[in-house]
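Line order of the protein sequences matches chains A and B. Residue numbers for the first sequence follow the working numbering, so the first one is 1 and each next one is one higher. Residue numbers for the second sequence follow the working numbering, so the first one is 1 and each next one is one higher.
For the record, the hints were derived by calculation from the structure and aren't laboratory data. A couple of the hints might just be wrong.
As the list claims (entries may be wrong) - Only pairs whose alpha carbons sit at most 25 Å apart, straight line, appear in this in silico SDA-like list of lysine to any residue:
#1 28(B) x 47(B)
#2 173(B) x 143(A)
#3 28(B) x 143(A)
#4 47(B) x 138(A)
#5 47(B) x 84(B)
What the hints assert, rightly or not - Here's a subset of chain A near chain B, in silico, CB distances under 10 Å, partners left out:
#6 114
#7 115
#8 127
#9 135
#10 210
#11 237
#12 245
For glycine and all other residues, C-beta sits at the position ideal for the given N, C-alpha and C.
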Amino acid sequence: MNNNSLWSDALYRLSRNRAAMFGGFILILLIFCAALAPWIAPYSYSYQDLNLGASPPSGEHLLGTDILGRDLLSRILYGARISLLVGFVATGVALVIGVSWGIIAGYMGGRVDSIMMRIVDVLYGLPFIIFIILLMVIFGRNLWLLFGAIGAVEWLTMARIVRGQVIGLKNQEFVLAAQAMGVSNFSMFRRHLLPNILGPIAVYATLTIPQVMLLEGFLSFLGLGIQPPMSSWGTLIKDGVESMEEYSWLLIYPGITFTITLFALNFFGDGLRDALDPKTSDN
Amino acid sequence: MLSIFFRRIFLAIPVLFAVASITFFLIKLAPGGPFDADKAVSPQVLKNLNEAYNLDASNWEQYVDYMSNLLRGDLGPSFRFPGRSVTEMITTGLPVTFELAFYAILIALLMGVFSGVLAALKRNTFLDFIPMAIAMIGICVPTFLMGPLLVLVFGINLEVLPVSGWGQLPGDKILPSLTLGFAYAAYIARLSRGGMLEVLNQDFIRTARAKGLTERMVVIKHAMQGGLIPVVSFLGPAIAGLLAGSFVVETIFQIPGLGRFYVEAAFNRDYTMILGTTIFFSAMIVFFNLLSDLAALWLNPRSRDSS
Numbered sequence: 001m002n003n004n005s006l007w008s009d010a011l012y013r014l015s016r017n018r019a020a021m022f023g024g025f026i027l028i029l030l031i032f033c034a035a036l037a038p039w040i041a042p043y044s045y046s047y048q049d050l051n052l053g054a055s056p057p058s059g060e061h062l063l064g065t066d067i068l069g070r071d072l073l074s075r076i077l078y079g080a081r082i083s084l085l086v087g088f089v090a091t092g093v094a095l096v097i098g099v100s101w102g103i104i105a106g107y108m109g110g111r112v113d114s115i116m117m118r119i120v121d122v123l124y125g126l127p128f129i130i131f132i133i134l135l136m137v138i139f140g141r142n143l144w145l146l147f148g149a150i151g152a153v154e155w156l157t158m159a160r161i162v163r164g165q166v167i168g169l170k171n172q173e174f175v176l177a178a179q180a181m182g183v184s185n186f187s188m189f190r191r192h193l194l195p196n197i198l199g200p201i202a203v204y205a206t207l208t209i210p211q212v213m214l215l216e217g218f219l220s221f222l223g224l225g226i227q228p229p230m231s232s233w234g235t236l237i238k239d240g241v242e243s244m245e246e247y248s249w250l251l252i253y254p255g256i257t258f259t260i261t262l263f264a265l266n267f268f269g270d271g272l273r274d275a276l277d278p279k280t281s282d283n
Numbered sequence: 001m002l003s004i005f006f007r008r009i010f011l012a013i014p015v016l017f018a019v020a021s022i023t024f025f026l027i028k029l030a031p032g033g034p035f036d037a038d039k040a041v042s043p044q045v046l047k048n049l050n051e052a053y054n055l056d057a058s059n060w061e062q063y064v065d066y067m068s069n070l071l072r073g074d075l076g077p078s079f080r081f082p083g084r085s086v087t088e089m090i091t092t093g094l095p096v097t098f099e100l101a102f103y104a105i106l107i108a109l110l111m112g113v114f115s116g117v118l119a120a121l122k123r124n125t126f127l128d129f130i131p132m133a134i135a136m137i138g139i140c141v142p143t144f145l146m147g148p149l150l151v152l153v154f155g156i157n158l159e160v161l162p163v164s165g166w167g168q169l170p171g172d173k174i175l176p177s178l179t180l181g182f183a184y185a186a187y188i189a190r191l192s193r194g195g196m197l198e199v200l201n202q203d204f205i206r207t208a209r210a211k212g213l214t215e216r217m218v219v220i221k222h223a224m225q226g227g228l229i230p231v232v233s234f235l236g237p238a239i240a241g242l243l244a245g246s247f248v249v250e251t252i253f254q255i256p257g258l259g260r261f262y263v264e265a266a267f268n269r270d271y272t273m274i275l276g277t278t279i280f281f282s283a284m285i286v287f288f289n290l291l292s293d294l295a296a297l298w299l300n301p302r303s304r305d306s307s
């Protein structure tokens, strides 16, 4: 079976999965909205209409305005940029660390492997959320630190998955042939091992994004994540909670947006997993 | 069994030592001292304060000092609440957090195991789809949204339950416990469904049925013991998640527990409090992971007999 048919088979299976396609559609829509926010948002995220204050949804402001008279729809659209950015960048960080760690551990084997995986085991057992909070407190609430800190936490499972895959591959003929030809370790990783484990990596990356977004939302909700005037969906929900007694739409619309996005990501990730690895789907 | 237990404990000790050391030096990296926040104090006062809290010693001396106090269970004074020690604050907040976590786990286990086992037994029917759809909601609606929504519906619109507090008004423990428990109920439902499905197809279940046991006995006595192993292994890591959840839930419902103290300490830059609670949380999580691993090992007859 060559590489092309594996991916086109998977694509076919994915296209048959309605929940996953729907998730994918929502995601593409969101990414477009986030990318084009400055052009499609009806107002700027910081524009205040002080005469309005908090006003319920109306023709002029489709989702209403917040207590400072800012258009909620525009703030949700701009918030999408931050939330999705954190989701993708932090997952990217986790991906780079986890994949390199897993490939090296799995391919080297022996002592290197057992030390590296023991480190992963130990890290698994620690309260990482607390370390993220600690880092945010000590070094200030900075967006890049947030990416790094979340990424540095979420790579552990990826390392385990990749290691397992590499161990399964490393005694196969094509790896032995490459070894016999004297291929360097680096090109072994990049040319021979990595392309063969792209499937599981893609699946797990898709499922990591919602976790990362949840973590960002959690931190922002506590006031330890994204800082004003920037806003993510987490900070919008936090603001919404503070005024939900009188102005419930400020909580409900950002909450719905966040939840739908997480649904879409989870459906899409599950569908991708079933498509790339039909064995694991039990239905 | 016992050898695994001791090996794991011996592994846990250096880990906790490393956590304590790393956290200690991380906090030393933080810009600014603990006393130069709100109002400027005179140099003499600052000097006396530093002396009183032993902050004029070298980092290394402070470290040795802190670690030896730590061994005696003394986590030092709080920088923000003069006269109160970190140990004292932990012992005040812990029972509340434990109670909250206990109710949450109880709700999660009752709801999760029941609906998961039911879904597995009635696979691909209505009784499978509905609980699993609800579980998906539980996974996708974060705690920090679920809590406020429950407050909005039951506390503000229907006015049937108190919106905040802990143990002051009747029923004020319901919403926090439900908020914290619901997400775990969802995970547990999915895990127990998966575990049960795997076990129900195995030979020993067919044997049990062939012996003429009632379906109820087959499920309760034979299938659940194996099928729920994933749930038991999940409970250890879930404690870590519960802790993070308690930060949110205690903040939303204004519960005076350890989670809220921690978040406040993070805001106030109460460094000794952050340091102490981090070490304490780590120790607790390492301990509960150990416990749930051992329970899972013990439940699995293969590993129980071989060791």
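Quiz prompt | Distance restraint between residue 173(B) and residue 143(A), which requires alpha-carbon spacing of 25 Å or less | solution = violated (36 Å)
(message) Quick check on residue 245(A) please, does its C-beta sit within 10 Å of some C-beta on chain B?
(response) Given a least distance of 6 Å, the restraint on residue 245(A) holds.
With a cut-off of 25 Å on the C-alpha distance, tell me whether residue 28(B) and residue 47(B) pass.
holds (18 Å)
| query | Should the interface hint for residue 135(A) be scored as holding, given a Cβ-Cβ cut-off of 10 Å against chain B? | reply | Interface hint status for residue 135(A): holds (8 Å vs cutoff 10 Å).
Given the hint that residue 47(B) pairs with residue 84(B), test it: the Cα-Cα distance must not exceed 25 Å.
-> Holds, at roughly 21 Å.
Subject >> Status of the hint placing residue 210(A) at chain B (closest C-beta pair under 10 Å) >> reply: Interface hint status for residue 210(A): holds (8 Å vs cutoff 10 Å).
A closest beta-carbon separation below 10 Å is what the hint needs, so does residue 127(A) meet it against chain B?
holds (5 Å)
- prompt: Measuring from the C-beta of residue 237(A) to each C-beta in chain B, is the shortest one below 10 Å?
  reply: Holds: closest Cβ of chain B sits about 6 Å from residue 237(A), inside 10 Å.
Need the status of pair residue 28(B), residue 143(A): alpha-carbon distance at most 25 Å? The given pair, whose Cα atoms are some 22 Å apart, holds under the 25 Å limit.
query: Within 25 Å, alpha carbon to alpha carbon, are residue 47(B) and residue 138(A)?
result: Satisfied, since the Cα-Cα distance of roughly 23 Å is no more than 25 Å.
| request: Report holds or violated for the interface hint on residue 114(A), using the least CB-CB distance to chain B and a cut-off of 10 Å. | output: With a closest approach of 13 Å, the residue 114(A) hint is violated.
Checklist line | Hinted contact residue 115(A) with chain B - closest CB pair below 10 Å | finding: violated (13 Å)
Hints 2, 6 and 7 from the list above are not met by this structure, while the remaining hints are.
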